[in-house]
Amino acid sequence: MERTGIHELSAAYALDALDADERREFEGHLPHCPECREAVGSFQETASALAHHVDMPPPPPALRERILEQAKRERSNVVPLRTRWILPATGTVAAVAACAAIGFGIWAATLHNRLGERPEAVGLIGAQGSLIVNRSGEGILVVRNVDPAPVGKTYEIWVIQAGRPIPAGTFAGGDRVAVTLTQKIPDGAIVAVTLERAGGVAKPTTTPLFRTGSV
Amino acid sequence: MARDLAHLSDEALVALVARADDSALAELYDRFGHVAYGLALRIVRDPALTEDAVQEAFLAVWRSAARFVPERAKASTWILTLVHRRAVDIVRREEPRRTEPLEAAPQPSANLTEDEAWLRLQRTRVQEALRRLPDQQREALELAYFGGFTQSELADRLGEPLGTIKSRMFTGLNRLRELLADTDREEERWNEPEFTS
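Heads up: the sequence lines are chains A and B, in that order. The first sequence: position 70 = 78 (this note's numbering), numbered continuously. The second sequence: position 62 = 273 (this note's numbering), numbered continuously.
Bear in mind the hints are in silico, worked out from the structure with no lab data behind them. Careful, some of the hints might be misleading.
What the hints assert, rightly or not - Each pair of labels, with its calculated beta carbon distance range: (1) B:GLN338 <-> A:ALA170: 34 to 44 Å; (2) A:PRO68 <-> B:ALA277: 21 to 31 Å; (3) B:ASP300 <-> A:ARG205: 16 to 26 Å.
As the list claims (entries may be wrong) - Derived lysine to any residue pairs resembling SDA-like cross-links, with alpha carbons at most 25 Å apart: (4) A:LYS161 <-> A:ASP195; (5) B:LYS377 <-> B:LEU332; (6) B:LYS285 <-> A:HIS37; (7) B:LYS285 <-> B:GLN333; (8) B:LYS377 <-> A:GLY49; (9) A:LYS192 <-> B:GLN348; (10) B:LYS285 <-> A:ALA186; (11) A:LYS80 <-> B:ALA259; (12) A:LYS192 <-> A:ILE168.
Cβ atoms here follow ideal geometry from the backbone N, Cα and C, with glycine treated the same way.
Generate the whole structure from the sequences, applying the supplied hints.
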């Protein structure tokens, strides 16, 4: 197919208006054509705006339950990596590295170059959760399944820029933690969490238990 | 129960879904289930098949969330694209194709949740942009997107050459994108005087 012809198909593809053969042919072309990939992305966003065109009745409530039940049934087959994050008793490097291997690479969004109206998320290395940051650099740390801090201890959050950690809040642990950081997060900074004595300290005294990639 | 995830972006929820977090999947469903169901119902027209399409699409979200690339698409676009693809594939298996218009079912305006209010705004904005498209382009877009017709079926149905249909869809979608971008800009300068042609 001639070049302009296949470019034009990006609209029909985004509208799902290609038949099975045409779709297959276009999907074979996509990996080789950055222009078409960009056009498809942009056209799909426009096309999906059409989904909001008509007011329709809501789905029956049973559908939600059916989807969630089916998803849970599939979980053990699909994602075998879900592990409860266990606080390393002595903060051993090996344990942190093992956790990092699980979390690393699943989510590596960079934030500062995106302009959505909703905040963005950066994944954590070494724990389940995300750091959510809005455009002005305000952040919320969301972590799941963090063992409760031992008596006399607290988890402390650090915003680290150019190697300099600034204390940004404390929390006690739990199944679902969401803490608003007391410090803004500049571009290029990372956010890390250490275990410190209750009340928090001005400078970290232990190795980070988990952290973000670069924000 | 799942509402403590309400402050997360759609993209953050997909990241949690990639880690097999079913409460994040529930939150995504709470955000997009209504639009997804409405879209699929508009295309498929049969409630049971519509539920199949929505269920398959959300399970596809569940299975493939780790492959979602946030730099490439918004999560909402990704999800609705999956829903649309499933619905179109289902309706193309059904013969004869149902083409009678579906009654819209406006919801009562009392007790709008924040999400419903947002949906309603979106709808007004899309309807306005569609209204400003040339008739033939709007017709091609609507028949393709909501009718589930392939471009060749559209050419037959409208009695036009395939090339004409292709370019109507391309030009129409391009124009719609510009019109939607214009309304975005208008919202940004909502307190400035408005000049319309």
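Tested hints:
1. The given range of 34 to 44 Å is broken by GLN338 of chain B and ALA170 of chain A, whose C-beta atoms sit roughly 50 Å from each other.
2. The given range of 21 to 31 Å is respected by PRO68 of chain A and ALA277 of chain B, whose C-beta atoms sit roughly 30 Å from each other.
3. A hinted range of 16 to 26 Å is violated for the C-beta pair ASP300 of chain B and ARG205 of chain A, which are about 59 Å apart.
4. For the hint pairing LYS161 of chain A with ASP195 of chain A, the CA-to-CA distance comes to about 30 Å; that exceeds 25 Å, so the pair is violated.
5. Using a Cα cut-off of 25 Å, the hinted pair LYS377 of chain B and LEU332 of chain B is violated, with the two alpha carbons roughly 30 Å apart.
6. Of the supplied pair hints, the one linking LYS285 of chain B and HIS37 of chain A holds, its CA atoms being roughly 23 Å apart against a limit of 25 Å.
7. Proximity of LYS285 of chain B to GLN333 of chain B is assessed by CA-CA distance (about 16 Å); at most 25 Å being required, the pair is judged to hold.
8. Distance restraint check for LYS377 of chain B and GLY49 of chain A: the Cα-Cα separation of roughly 18 Å lies within the 25 Å cut-off, and the hinted pair is therefore satisfied.
9. Between the alpha carbons of LYS192 of chain A and GLN348 of chain B the distance comes to roughly 48 Å, so the proposed pair goes past 25 Å and is violated.
10. Restraint check for LYS285 of chain B and ALA186 of chain A: satisfied, since their Cα atoms lie roughly 24 Å apart, inside the 25 Å limit.
11. Annotation: proposed proximity of LYS80 of chain A to ALA259 of chain B holds, straight-line Cα distance about 22 Å (limit 25 Å).
12. For the hint linking LYS192 of chain A to ILE168 of chain A, the alpha-carbon distance of about 11 Å falls within 25 Å, and the restraint holds.
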